[in-house]
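Asker: Chains as they are written, first to last, in our numbering: chain L, 1 to 433; chain G, 1 to 433; chain W, 1 to 433.
Treat the hints with care, as some may be off.
What the hints assert, rightly or not - SDA-like cross-link-like pairs, simulated, lysine to any residue; straight-line CA separation at most 20 Å:
1) Lys-200/W x Gly-413/L
2) Lys-400/L x Gly-384/L
3) Lys-99/L x Ala-239/W
4) Lys-400/W x Phe-201/W
5) Lys-99/L x Lys-326/W
6) Lys-99/L x Ser-242/W
7) Lys-326/L x Ile-192/L
8) Lys-387/W x Arg-197/W
9) Lys-99/G x Ser-2/L
10) Lys-200/L x Lys-99/G
11) Lys-387/L x Ile-371/L
12) Lys-200/G x Pro-418/W
13) Lys-99/G x Ala-239/L
14) Lys-326/W x Ser-242/W
15) Lys-99/G x Ser-242/L
16) Lys-200/G x Leu-275/W
17) Lys-322/L x Lys-328/G
18) Lys-99/W x Ser-2/G
19) Lys-322/G x Gly-413/W
20) Lys-99/W x Gly-413/G
21) Lys-328/G x Val-361/G
22) Lys-322/L x Val-414/G
23) Lys-328/G x Arg-397/G
24) Lys-322/L x Gly-205/L
25) Lys-99/G x Ser-2/G
26) Lys-322/W x Gly-413/L
27) Lys-99/L x Lys-99/W
28) Lys-200/L x Lys-200/G
29) Lys-322/W x Gly-277/W
30) Lys-387/G x Val-376/G
No lab work stands behind these hints: they were computed from the structure.
These numbers were taken from a predicted model, which means no experiment stands behind them.
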Amino acid sequence: MSPDAQFVLNTFAFLIWGALVMWMAAGFTMLESGSVRTKNASVICLKNLGLYAIAGLAFYVVGYNIMYVDVTGWIGSFSLFYTASDAEIALVGGNEAMKSEVIDNGYSVMSDWFFQMVFVATAASIVSGALAERIRLWAFFAFVLVLTAFIYPVVGAWTWGAGWLSELGFSDFAGSTIVHSTGGWAALAGAIILGPRLGKFKKDGTVTPTPPSSVPIVTLGVFILWFGWFGFNGGSQLALGSVSDAVSVAGILVNTNLAGAAGVLAAILVSRPILGGFDLFAILNGALAGLVSITAAPAMHQHWLAIVIGFIGGVICVLSIKLLDKLKVDDVVGAVPVHLFAGIWGTIAVAFTVREAGSFVDQLLVQLLGIGAVGVFVFAASFGVWKLIDVLLGGIRVTKTVERIGQDAAELGVDAYPEFVLMPEEYDDEDDK
Amino acid sequence: MSPDAQFVLNTFAFLIWGALVMWMAAGFTMLESGSVRTKNASVICLKNLGLYAIAGLAFYVVGYNIMYVDVTGWIGSFSLFYTASDAEIALVGGNEAMKSEVIDNGYSVMSDWFFQMVFVATAASIVSGALAERIRLWAFFAFVLVLTAFIYPVVGAWTWGAGWLSELGFSDFAGSTIVHSTGGWAALAGAIILGPRLGKFKKDGTVTPTPPSSVPIVTLGVFILWFGWFGFNGGSQLALGSVSDAVSVAGILVNTNLAGAAGVLAAILVSRPILGGFDLFAILNGALAGLVSITAAPAMHQHWLAIVIGFIGGVICVLSIKLLDKLKVDDVVGAVPVHLFAGIWGTIAVAFTVREAGSFVDQLLVQLLGIGAVGVFVFAASFGVWKLIDVLLGGIRVTKTVERIGQDAAELGVDAYPEFVLMPEEYDDEDDK
Amino acid sequence: MSPDAQFVLNTFAFLIWGALVMWMAAGFTMLESGSVRTKNASVICLKNLGLYAIAGLAFYVVGYNIMYVDVTGWIGSFSLFYTASDAEIALVGGNEAMKSEVIDNGYSVMSDWFFQMVFVATAASIVSGALAERIRLWAFFAFVLVLTAFIYPVVGAWTWGAGWLSELGFSDFAGSTIVHSTGGWAALAGAIILGPRLGKFKKDGTVTPTPPSSVPIVTLGVFILWFGWFGFNGGSQLALGSVSDAVSVAGILVNTNLAGAAGVLAAILVSRPILGGFDLFAILNGALAGLVSITAAPAMHQHWLAIVIGFIGGVICVLSIKLLDKLKVDDVVGAVPVHLFAGIWGTIAVAFTVREAGSFVDQLLVQLLGIGAVGVFVFAASFGVWKLIDVLLGGIRVTKTVERIGQDAAELGVDAYPEFVLMPEEYDDEDDK
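Construct the entire structure; sequences and hints are all you get.
Answerer: Structure, rendered in structure tokens:
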């Protein structure tokens, strides 16, 4: 294949797979909007649209440079904005002499930016679900700005940006840790600081289930995410310009699908023994946990192993839903079980197929180091930022009154389904104390 | 074009069109979830997510091999699992010497698997809609396992697997019969065994309309399916590596769209005279019937003929909605009119443009033979499997109490819209007899 | 790259980007169905499915030829139907000798038709939202037929069809004016003739907000549109067969995304000062206004300028929402602010980066001329057609009784959410006068 054909195919792959990943933003929105109570289903839509916009702008202004430009082990450049190369601008302007210089890059500069940008948006989407129904809109937007401009890019610099973790041989193909666990740690820090929703965990130890506003909308969200995941993992090959790349991408899509399917199967089988009942939300999350699990190493030929990895991811997800309830951490959509715990599992599982760091044990140790380092950094940074926002904005949690009324009416003035008659909510006086 | 560029384009076409076909699973889910009564809108989501997972795993473990590997007229291999070729694995592992052997296959082995896998899921999706609101969850999953592991692959072996029907010249480009009618026959067998929902057909001969839970969600499902159909038909060219292939795929997308549009138009025009009123569901199904009709032969240059075929498909759909009501067959979403009857029509219409079997009459006879053979096999096999599951699981239909309460509350414990106040249902004592 | 590889890539780009634009039809459907009151949420689904079907058929029968074939300054050919070239048909038929003639066209003939067809559907989709809740179904379908068969193709002939505006140097890359403003002017003419919904504008000068049926469905629509816009703008490069094209398309997707994000940000910041409150619908429309604004010139390397253009588009959108209320023009979904006003702004902004007509001032004047000419023609033609339909069908507006009851019950006999209990509407006696 000629170098220009390779260039075009590589570039187009970034763009079309990237567009599919952008579509995952809609998936998170539907998943979260359907999962929250009806009184908060509008504001979560706004949060998701807003976070996608903020993430894109922040990653353009500073994020990408911190992550990829002149990375010196720990962090990249603080220069502002990012743009096509001079050679590309000259070529498009008609200077054909620049063509070979452009082609030498392998793909269009901005096509890579586009693909990386939709990934940072994914990380931010994970946070909104966990903190739903109680975080103030502006506090959330402020956190997203920091997460997408700094925290995520720093993790990215260590790894995909060729920083210190990358040099040690840490391997995370499409981001089980870099994207999903980063989002998960940030969400966990926020969930701990915010505390659970009113009445979620009773004094007698029982957990109050909160009714989802729309199960079909949640399901739609899961299907959107599954569909978009083909772009997420397939595009992470970062190339389509050779026979070998094409073969790899095909295997990646097959493994992605098998792992998701195995996650569904696992959750169907274990939700009753673990959770005490056949649980639709556990099964929907099982699909996502399977997908997260395979994300760190989808490029392998042992497809049966993708089934095993996805299945274990589904089991871990169901177990950790129960664990969070025990720990009284209120994660509205199960973002932490899906993205953090299954993400950790997926990153560990890399050691079975990848040997960038040496032996199985070497690779396993580096994977654990990476998981730990990212976890400590993201959790600590997020915790600090949440606390800072708490001080600066005078609180990150809505008032009890707002929580009772719902954020839609209180913060937006528009209910999600204003014409529909809703069940009256039952309140427990205990909650008001 | 160089052979490696052809390889990459062929492979990529399988993957991207295949991803669009996977997205159709979401379309069926929305179509069905919106069409059923609110009390069953959650469980149909689970059925659809579950069937997609089961289909993918079953087709990986046995289905693909039965359909495509070593097919000897009637059936392929019973070997387990399926995987990339040794040459591909070696190439990705760095052995460039294997490149020409890999390229000789024309496309990545697993990209074809991926594309075929999403087709088997489509066939299974058709069944869930017809049997909604009364089939037990586990009975449905058990049937899907057999359908996707054996029944569909056998039909596929006869045809796309180069078996006996293929040798006779039977032509079904993207599967009007192989996918859609197969799903339709399986659904019909199930619907007959299950019987209609309580109160659907009154003793006085009237048909009770059942309220859909959400018309916008149904409409979303139709649009998703239409969108995905470009992948379904366009990808069935099975190649994108030549000028001729590209021209063909362009024509396929044009014909697909025109036939769908003509199906809409037909249903708009004939729903009032045939059904006694302007009928939104008939029109939505008209779109799908137009799309199913053109699926057997979308690769043609007579675009006006696509309009005619789609239009007739729309009319057939509306007529057969009425027919099923007369026969007291309760098909909740119209899956049999859309996928079986329009699928038969589309397979017949092939004779106007394809001559693999000889003259028009020869082709027509082979098409009818194929329709008949697939119909007899799938209907009989499905009937038998349903009966077997009936015995093994102690019934495939939920109890009257569960049907009254709704499967969501009874089987899942979670309503689709738990916070919304619903109209009380009116019961007829007659139903309880 | 070899000419046949270029041909395949160009063709495939038309098809895959075009499929994404088709998906925007679902986006408009969701946006509009979620925005209208529940009593009209079914009929708007039918309108959108119907318009997509009518647009595709009309553009096939006459529209494309008027727009692109033998354009002589003002209008193209009135020949019927459109089809692949003889060379293409021969090549697919096996005549390899025709290959070079086919390749000379650069792309498959029907792939371009497909891409252009989905654009005309977009223009029609814009109209349905503005006139929702009061326009008669058949009157709307009749208008769509004329719009897509004649009005839009004439505008297209002047511009993309290489007619007089194109010769003057008018530049509108993906159709801020040609598609979006055309739809917007047609909508505005209809909205003026129809008048506002009952009770929308009170005698005391207040504007009655109408409750949306489903905010999450509206949000889904916005995300679908954003996703599809990558195809809308990226595909408008009309090529993918060279390094330069690939670089341009990458920049286009980046600018599209940044402008949409900036539109969100703008609306978040200005909706409170302008509209008196934080307004979710203004923010959702802000995203679309940002996307419309960049549509006329997304192929540029100054990405910061895309942010500026999108931001201003968002502000204009919010301002013009207020303006329409002042003028008592009832545009149910904000189609005129988004598609007409932001479209005009985007077309003006072209002058900052494009110089097809000469200097900045020359380009600006030609852009203004184009905006004016298209505006006068489309508004006048639409006004005339609406009036004609009014006479021929005996009215384009539903009766007060139908408007009270809702078009779903009155025109379709099926409510969008028939099982849900809705709030009783409050009526004002004033409305009945």
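Asker: Hint by hint, say whether it matches the structure.
Answerer: Hint-by-hint comparison with the structure:
Distance restraint check for Lys-200/W and Gly-413/L: the Cα-Cα separation of roughly 19 Å lies within the 20 Å cut-off, and the hinted pair is therefore satisfied. In summary, the hint linking Lys-400/L to Gly-384/L is not supported, as the alpha carbons are separated by about 24 Å, beyond the 20 Å threshold. For a cut-off of 20 Å, the pair hint linking Lys-99/L to Ala-239/W stands: about 17 Å separates their Cα positions. Distance restraint check for Lys-400/W and Phe-201/W: the Cα-Cα separation of roughly 16 Å lies within the 20 Å cut-off, and the hinted pair is therefore satisfied.
For the suggested pair Lys-99/L and Lys-326/W, the alpha carbons sit about 54 Å apart, so the restraint of at most 20 Å is broken. About 10 Å separates the Cα atoms of Lys-99/L and Ser-242/W, which keeps this hinted pair within 20 Å; it holds. Between Lys-326/L and Ile-192/L the alpha-carbon distance is near 13 Å, which keeps this suggested pair within the 20 Å criterion. Between the alpha carbons of Lys-387/W and Arg-197/W the distance comes to roughly 18 Å, so the proposed pair stays at or under 20 Å and holds.
As the CA atoms of Lys-99/G and Ser-2/L are separated by approximately 16 Å, the hinted pair is consistent with the 20 Å bound. Proposed proximity of Lys-200/L and Lys-99/G is contradicted: the alpha carbons are some 59 Å apart, above 20 Å. Taking the CA atoms of Lys-387/L and Ile-371/L, the gap is near 24 Å; set against the 20 Å cutoff, the hint is violated. This hinted pair checks out: Lys-200/G and Pro-418/W have alpha carbons roughly 17 Å apart, not beyond 20 Å.
Simply put, Lys-99/G and Ala-239/L have alpha-carbon atoms about 17 Å apart, close enough for the 20 Å limit, and the pair holds. Restraint check: the Cα-Cα separation between Lys-326/W and Ser-242/W comes to about 50 Å, which exceeds 20 Å; the hinted pair is violated. With a C-alpha separation of about 10 Å, the suggested pairing of Lys-99/G with Ser-242/L holds against the 20 Å cut-off. Note on Lys-200/G and Leu-275/W: the hinted pairing is violated, with a Cα-Cα distance of about 51 Å set against a maximum of 20 Å.
For the suggested pair Lys-322/L and Lys-328/G, the alpha carbons sit about 47 Å apart, so the restraint of at most 20 Å is broken. Of the pairs offered as hints, the one joining Lys-99/W and Ser-2/G holds, with about 16 Å between alpha carbons and a cut-off of 20 Å not exceeded. Simply put, Lys-322/G and Gly-413/W have alpha-carbon atoms about 18 Å apart, close enough for the 20 Å limit, and the pair holds. Our distance criterion of 20 Å between C-alpha atoms is broken by Lys-99/W and Gly-413/G, whose separation comes to about 62 Å.
Using a Cα cut-off of 20 Å, the hinted pair Lys-328/G and Val-361/G is violated, with the two alpha carbons roughly 35 Å apart. Between Lys-322/L and Val-414/G, the direct Cα distance comes to roughly 18 Å. Compliance with the 20 Å bound is thereby established for this hinted pair. Restraint check for Lys-328/G and Arg-397/G: the C-alpha separation of about 17 Å stays at or below 20 Å, so the hint holds. Proximity of Lys-322/L to Gly-205/L is assessed by CA-CA distance (about 13 Å); at most 20 Å being required, the pair is judged to hold.
A hinted pair counts as satisfied when its Cα atoms are at most 20 Å apart, and Lys-99/G with Ser-2/G qualifies at roughly 13 Å. For the hint linking Lys-322/W to Gly-413/L, the alpha-carbon distance of about 18 Å falls within 20 Å, and the restraint holds. Taking the CA atoms of Lys-99/L and Lys-99/W, the gap is near 28 Å; set against the 20 Å cutoff, the hint is violated. With a CA separation close to 41 Å, the supplied pair Lys-200/L and Lys-200/G exceeds the 20 Å bound.
Distance check on the hinted pair: Lys-322/W and Gly-277/W sit about 12 Å apart at the alpha-carbon level, within 20 Å; holds. For the hint pairing Lys-387/G with Val-376/G, the CA-to-CA distance comes to about 16 Å; that is within 20 Å, so the pair holds.
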